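Colleague: Residues per chain, in single letters:
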Amino acid sequence: MGPVQALGETSLYYINFAGKMTLLLGQCIWAAITPPYDWRAILRQINFIGARSMGVIILTGLFTGMILSLQGYHLLSQYGSVSALGAGVGNGLIRELGPVLTALMVIGRAGSAICAEIGIMRNSEQIDALSCMAIDPVRYLLAPKFTACVFSMLLLSFIFDVVGIFGGYIVGVALSDVSSGSYFQGMADAIYFSDVKMGLYKAAVFGIVTVWIATSKGYFVHLERLGGFGAEGVSRATTNAVVLSSVSILLWDYLISALMI
Amino acid sequence: MKIIELEGVCKSFGKQEVLKDVNLSLEEGNTLVIVGASGQGKSVLLKHMLGLHRPDSGKVRVLGHELGKASERELKEVRKHFGVLFQNAALLDSLNVFDNVALPLRQRTSLSSKRIAERVHELLEMMDLPEAHDKFPAQLSGGMRKRVGLARALSLDPQLVFFDEPTTGLDVHKSNEIYRLFHKTREKLGYTGVIVSHDVPKIFKLADEVALLAERTIQVSLPPEKFQISENPLVSSFVNTTMGPVYISENEESRIS
Ligand SMILES: Nc1ncnc2c1ncn2[C@@H]1O[C@H](COP(=O)(O)OP(=O)(O)OP(=O)(O)O)[C@@H](O)[C@H]1O
Ligand SMILES: [Mg+2]
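Residue numbers (the numbering used here), protein chains in the order written: chain A, 909 to 1169; chain B, 63 to 319.
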């Protein structure tokens, strides 16, 4: 096989795969927004994706806020404007770090697990079995994960922001000499509704991207280019899903920032 | 009425040709037993009838729908009449036995949870699995998994059943029980069935037609008595090796023909 042919085949493979993923995204969103809703499954997934990620989100949120505050204080004190610390920490968290770091944590914790779960179900014919029982695997398996992931991402990045702001407060106010009033006043003055909106948009989009890539890499594990069979195939798909969704998050982050700033 | 019709079905995986020009049909209410050596493509053939594989060429018509061209939605409509047992049972491994059997009832009917529980108990009782409700598939033996799969397949009183090796891995007593059960449920529901099995000759008692898959295609599809005396060399060698020459005594041959 010549290099041109190889290139052509590779491109065709990726175009085909991307097409399948896009179709699946459409089906999942449709199944997630139209009734009937499987509330029990959605709650179970929220518990798995959301509630059980709380610890790691609180920890990363706290430290991110503390670091932002530490670096911000160091920088601002050189210009004598430490009163802007609250504004810097708040905006940095709400617009960028909250949604992005939350998404990266959820990818690591839940995205990989979702991909592996679905991939194993595909490889052991459980998805075929569902189809043969006339149960739509998209509606039964994937849609609850979509709803739960978007919801969890919104909630977790909100928690991340709140905890981060508190972490910034500890470092800036409790450990340094910024006054509590100027920390919060500066924050309130500098954060507009558009900043919050940007944070929300990002969290929602990141939620969809995360669950979309995780589910479709698992769902189509049998189409993996280097072979999707058995435990190794699933582990390969999972690794790919984590890398691909992490990179996509950063790409989308840039796009949304550029569009909304 | 023909419930299943295959015409000139060919299927290859990469360079390997698995099925070549397969023709087969099944009348309503009849049971077709597919036999053949391991690795000949029996499961692949079955998956064509389920719409899980699409033929490279040829037609697969089930309940009047052409599955090779059917949309997902159409497939789902056809499959509402199916009861399927996979060769590996394919139970949902994060649900326990009870939930596995209850799944089609929960997803496809509006029965109350009390009625569903009754039905699941009845099915598991029938499969001689009264103690296994809370176990997960990974905690079951191979034969138990098969029986849970059967319970799940029969839960909605299907009109058309596909069983891939329903008694493989069961002891003689249990497999006899399963055969009796098939007989009983078929009397009751009058379903049409396709059974892949290695359990020759016992499975012949259930068959209206026996088809041999060999050398990539269906060699013959005949009533069991005729199958046993078929002159097709592949069939007679299959019959000889699996059942011994005792079934083709002259006496029997003259009686049938
Ligand atoms: N998804 C697939 N991709 C590639 N090859 C496959 C696939 N499924 C089956 N095959 C091949 O098709 C052939 C037939 O397999 P199949 O599972 O139908 O055999 P079988 O007759 O059911 O055997 P057994 O009695 O052992 O179950 C085998 O050579 C197998 O390797
Ligand atoms: Mg098989």
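Just so you know, these hints were derived from the structure itself, not from any lab. Misleading hints may appear alongside valid ones.
Subject to a maximum C-alpha distance of 27 Å in a straight line, what follows is the list of computed DSS-like cross-link-like pairs (lysine-lysine) [said to hold, decoys possible]:
(1) B:64 - A:928
(2) B:236 - B:250
(3) B:142 - B:121
(4) A:928 - B:267
(5) B:236 - B:264
(6) A:928 - B:131
(7) B:138 - B:77
(8) B:142 - A:928
(9) B:250 - B:138
(10) B:264 - B:250
(11) B:64 - B:82
(12) A:928 - B:77
(13) B:267 - B:246
(14) B:121 - B:176
(15) B:250 - B:267
Computed from a predicted model, the values in this text were never measured in an experiment.
Colleague: Each hint needs a verdict: does it hold in this structure or not?
Modeller: Verification of the hints:
{"no.": "1", "hint": "B:64 - A:928", "in the structure": "35 Å, violated"}
{"no.": "2", "hint": "B:236 - B:250", "in the structure": "21 Å, holds"}
{"no.": "3", "hint": "B:142 - B:121", "in the structure": "21 Å, holds"}
{"no.": "4", "hint": "A:928 - B:267", "in the structure": "46 Å, violated"}
{"no.": "5", "hint": "B:236 - B:264", "in the structure": "13 Å, holds"}
{"no.": "6", "hint": "A:928 - B:131", "in the structure": "18 Å, holds"}
{"no.": "7", "hint": "B:138 - B:77", "in the structure": "31 Å, violated"}
{"no.": "8", "hint": "B:142 - A:928", "in the structure": "25 Å, holds"}
{"no.": "9", "hint": "B:250 - B:138", "in the structure": "25 Å, holds"}
{"no.": "10", "hint": "B:264 - B:250", "in the structure": "21 Å, holds"}
{"no.": "11", "hint": "B:64 - B:82", "in the structure": "22 Å, holds"}
{"no.": "12", "hint": "A:928 - B:77", "in the structure": "24 Å, holds"}
{"no.": "13", "hint": "B:267 - B:246", "in the structure": "13 Å, holds"}
{"no.": "14", "hint": "B:121 - B:176", "in the structure": "43 Å, violated"}
{"no.": "15", "hint": "B:250 - B:267", "in the structure": "17 Å, holds"}
In this structure, the earlier hints numbered 1, 4, 7 and 14 are contradicted, and the remaining ones agree with it.
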